[in-house]
Amino acid sequence: MSTPARSAPALRRIEPSAVGAVVFRELTMYRRYWRSTTFSSIVEPTIYLLAFGFGFGSLVAQVAGYDYVDFVGTGIVATAVLFSSAFPGMFGTFVKRTFQKTYDAVLAAPVDTEELVTAEALWIALRSGIYGAVPMLVAVGFGLQPSWGMLLVPPIGVLTGFGFAAFGIWVSGIVPSIDSFGYVISAVLTPLFLVAGTFFPIDGLPGWAQSAALLNPLFHCVELVRGAVFGLELADLGHVLALVLFAVAMWLLAVRRLRSRLVL
Amino acid sequence: MSSQRTHEVAVDLGLSLRGVVKTFGALRAVDGLDLDVRSGTCLGLLGANGAGKSTTMRLLTAQAIADEGEIEVLGLPVPAQSKQARAQMGVVPQQDNLDIELTVRQNLEVFARLYRVPRADRAAAVGRALQVAQLTGRADTKVDDLSGGMRRRLLIARALVHRPRLVLLDEPTVGLDPQVRQELWALVDALRSEGVTVLMSTHYIEEAERLADDVAIMHAGRVIARGTPTALVTEHVGRRVLEVYGPPARLLEVEQVGREAGLPTRRTGPAVAVLRAETSYSVADLLPDAVARPANLEDVFVLLTGEKVE
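Line order of the protein sequences matches chains A and C. Here the first sequence stands for residues 784 to 1047, numbered as in our numbering. Here the second sequence stands for residues 655 to 964, numbered as in our numbering.
Just chain A, same shape as in the assembly (with noise of 0.2 Å):
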């Protein structure tokens, strides 16, 4: 006779609606700020693009076996990413925590960390595949040949980007204050995006440096993007496996970290 004293609804672990509930109030929020975001996101990575593409390109017609502008112009897809990833992720999370208190909002109603977590990485991951594919976009404007790999490319940087907001999320749990993430953009950030087969191929590196590469996301990231591009090979597959590896073990990190900023 022991009927439950109230019915309720049975709330999976994690749930699309709350998930959707949190990148709702990310998408109002965006409406109002899209063109600072849209701004800082693309003009960065096109910058680096024009600098080393008339810089370097005027000093090397070859890189790998690819024309200089063709190298650069798919490599910057990941620093584009990184940067539209890995910063709103910092900085955007630790002041929606610790400033705005938004987080106490949210889990007090019914959305539990790992939801909050997964929606915030999503909803970057998806804005930065977008905005990931625009430097290459200028690329083709100074000669990069498109095709329909290119379609590929959003997709990645959206894998990408999940992968590196997650990083953010976690790394906004750990720092005491928000002036200690110039540590992490010098002694981490810098170092991952240039020595990602960006800008110059890893080849000419120490060994000790190619191997360290391929503990490097974004070294996956470029390769991935010069396959979809130039035509994909059997080895693409493993930089894929690389970065939902990265995705996951940095989704999983964060969820721990921010649970225990969170929840006392």
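One or more of the hints may lead you astray.
[Claimed, not checked] Quick list of the computed label-pair ranges, beta carbon to beta carbon:
(1) Glu-798/A to Val-828/C: 30 to 40 Å
(2) Val-1027/A to Pro-772/C: 49 to 59 Å
(3) Trp-991/A to Ala-874/C: 55 to 65 Å
(4) Asp-690/C to Arg-1044/A: 24 to 34 Å
[Unchecked claim] Some residues of chain C that are not near chain A, with every Cβ distance over 12 Å (derived):
(5) Phe-678
(6) Asp-688
(7) Leu-800
(8) Val-828
Hints are computed from structural coordinates only; laboratory data are not their basis. Backbone N, C-alpha and C define an ideal beta-carbon position, used for all residues, glycine too.
Given the structure of chain A, go ahead and fit chain C onto it with the hints provided.
Coordinates of chain C only, in the frame set by chain A:
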């Protein structure tokens, strides 16, 4: 069979905490807390800063996890089924965390989704919340441009967008002007009359007296007294208080008079209050300079906790 029925009647509680302990390092913020709120009533949780009120609120939404004890919210065990419980409760935080960049309506729309209001009902739910907040005419104003009182009304309406059965209010009127505070009281009173269970923490005595069916006085992480405001006053400080204002020497004399008459006293700034004055015929004669007033909840609070409140 019959015992089970009794049990079911007994569990008609909006929320209950049993032997709950929550420590932060060496600090025992909640220290053996027993508290329950019957469905459809408003409980005022009264305590000074640091008494453990906010931690208690966080425990109820599983935004803090208890070290010991059992918590049930709307009949659901917390934290195990906290998500189901949260779907049916609204939370008004002490610190305003509205999205100031968004309009009033957008803030409500976001929360209608977070609280799973079905798509077909969302517009109506937002419209109703706008009415509750009396902000229908300001629906498209950015929150940043609202007055403090409007913001607080919106913060409360945001917690009601999904018609919760239980509402947690953490210091709902802290830092507001008296007239704004009274507006909000009307809002909370309306909730109670609709049968919503309310747990409201406050350190304003008057707020608890005006709004709460029952008051629990919290001190050092546990409830030290519980009852209706009237019952608490009668039980702990009697009906009549004699208050004497004077220089420190006179105050010491008054305290002596109280002690000799066997009556409790308490200091209130420049005065001494002699409590339970109605039980002694002689004490009024011994204190010709005293002003008589009815005993109130503040007398209880100070007597029991030794702490000052507003």
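Results for each hint:
| no. | hint | result |
| --- | --- | --- |
| 1 | Glu-798/A to Val-828/C: 30 to 40 Å | 34 Å, holds |
| 2 | Val-1027/A to Pro-772/C: 49 to 59 Å | 35 Å, violated |
| 3 | Trp-991/A to Ala-874/C: 55 to 65 Å | 59 Å, holds |
| 4 | Asp-690/C to Arg-1044/A: 24 to 34 Å | 31 Å, holds |
| 5 | Phe-678 | 7 Å, violated |
| 6 | Asp-688 | 20 Å, holds |
| 7 | Leu-800 | 16 Å, holds |
| 8 | Val-828 | 15 Å, holds |
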